[in-house]
Structures are given as C-alpha cells and as structure tokens.
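Participant: Here is how the chains run, residue by residue.
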Amino acid sequence: DTAVSQTPKYLVTQMGNDKSIKCEQNLGHDTMYWYKQDSKKFLKIMFSYNNKELIINETVPNRFSPKSPDKAHLNLHINSLELGDSAVYFCASSHTRLALNTGELFFGEGSRLTVL
Amino acid sequence: AQSVSQHNHHVILSEAASLELGCNYSYGGTVNLFWYVQYPGQHLQLLLKYFSGDPLVKGIKGFEAEFIKSKFSFNLRKPSVQWSDTAEYFCAVNGVGSYIPTFGRGTSLIVHP
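From first to last, the protein sequence lines stand for chains A and X.
Each residue of the first sequence is one higher than the one before, counting from 1 in this note's numbering.
Each residue of the second sequence is one higher than the one before, counting from 1 in this note's numbering.
One or more of the hints may lead you astray.
Said to hold, decoys possible - DEER-style ranges, computed between Cβ atoms:
id, chain 1, residue 1, chain 2, residue 2, range
1, A, Q14, X, G62, 39 to 49 Å
2, A, S20, X, P55, 35 to 45 Å
3, X, V96, A, K52, 22 to 32 Å
Claimed, not checked - In the EDC-like style, the derived pairs of lysine to aspartate or glutamate whose C-alpha atoms are separated by at most 16 Å in a straight line are:
id, chain 1, residue 1, chain 2, residue 2
4, A, K41, X, E88
5, A, K36, A, D70
6, A, K67, A, E24
7, A, K44, A, D70
8, A, K40, X, E88
9, A, K67, A, D30
10, X, K49, X, E64
11, X, K49, A, E104
12, A, K67, A, E53
Derived by calculation from the structure, the hints in this document are not laboratory data.
Heads up, the beta-carbon is just placed ideally off N, CA and C, and yes, glycines get one too.
Please put together the full structure from these sequences, using the hints given.
Facilitator: Okay, structure coming up:
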C-alpha cells in the first residue's frame, strides 16, 4: 500500500498554463506539506496544512494555491506557470498531535514538473 | 528560527571506504534530528532519527549518527560504503513543538564500485 501518493509523477507543460498536482495519504496523519526541490536538490517548504487549515505559507508566489478538501488530501494548483517553476514537488505528511509529534515526515514519490 | 548546515555538498568514495557526512544545526531549544536518504529518482526516506537518550543512533543499512549537543552536530557515519549507497543525504532538524522540519542543502554521495 502506498502511504503518500502523488499524481502525476511527470508533468510537461508550456509557460502560462495552469496545472494541478494531487496528493493523498492513508497514514491517518493530520498534517500535510508541500516541498519544492530545485535542480540543486535543495528542499524548501512551501505550505503546510494541519487538519485542513493552513499553518504555514512560506514566501511563495500567489500563483501557487494549495487546497485541502480533507486531512488526507492536499492538492497544489499552479496558475500561469513560469520557467522557474520547473522542479520536483514533494508532498509529505506527519503526526502533530502531542503524543505522536516527532517531526518525522513521510514523503510521496515526487512530481517532476517541467515548464517549456 | 532553526537552520541546518551540511558542509559537504559532494562526496566521492570508493567501495569499502568509510563515510562521515557533517551536519550542524542552529536552534535554541530541544530538537529532534533526522537523516533522510534519496536514492536516484526516488522519494526521501528516513535513514535514522534522534529524539532523546543514547546520542549514538543506529539506522538502516549500517548507518549511524552521533548527536553532540555541545557542538550542535549530528554527523552521519558508515564504516564501509557500498555502490548502492550512492544517493543524496539530507540532514533535518525539528524543534520540539514545531510542525516544520528544516532541511539542509543535502550531500550528494557517489560510490564507485
């Protein structure tokens, strides 16, 4: 069983288009994240949701809009794609309830976005 | 704010060589520490973690890490690397009570057969 699953795994699109990446976790976690990994492998937090509520939004252009319909899903929608958006986007989840909060993240397999 | 520094960005070794990857963090309180590994084309997965207790932590595949509080360090070691250890290695720190672990920039390890 896949614990954190993302779709699509690969996405190639033109500048200016709008695209979405979906993420689902079946671990019963209450917090989900989106990280961006650039070409130099640097991992940067973009968003974090706890129980469907946004708890962190780093300096990310407002072209990026996360949506969490329930605590098992966190989707990422990107408007007006730019060349610099090309990266691998990783979804992750974790427990944050006090007794279970260890900070350990469980990652999806990543979605490689290429903007032409 | 918490931050993580990994000093070695690229490491190239031959099989059977010993490995040590440096990780230093900055945070004023109690921390949880992690090493994640990312094999080529794959997602990040946990290699080992430190929460409390014995500062020498053993993980999967023969890796270990030592937490030295006075040096704010959590270096990763393996006595004898294999070709299959070729991967990116990320150190991460999470201040206790924080939701958001911070990752270092990663170290690319290439092991030649």
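Participant: Each hint needs a verdict: does it hold in this structure or not?
Facilitator: Going through the hints against the structure:
no.: 1; hint: A/Q14 to X/G62: 39 to 49 Å; verdict: holds, 46 Å
no.: 2; hint: A/S20 to X/P55: 35 to 45 Å; verdict: holds, 44 Å
no.: 3; hint: X/V96 to A/K52: 22 to 32 Å; verdict: holds, 24 Å
no.: 4; hint: A/K41 to X/E88; verdict: holds, 8 Å
no.: 5; hint: A/K36 to A/D70; verdict: violated, 22 Å
no.: 6; hint: A/K67 to A/E24; verdict: holds, 12 Å
no.: 7; hint: A/K44 to A/D70; verdict: violated, 24 Å
no.: 8; hint: A/K40 to X/E88; verdict: holds, 11 Å
no.: 9; hint: A/K67 to A/D30; verdict: holds, 15 Å
no.: 10; hint: X/K49 to X/E64; verdict: holds, 9 Å
no.: 11; hint: X/K49 to A/E104; verdict: holds, 8 Å
no.: 12; hint: A/K67 to A/E53; verdict: holds, 9 Å
In this structure, the earlier hints numbered 5, 7 are contradicted, and the remaining ones agree with it.
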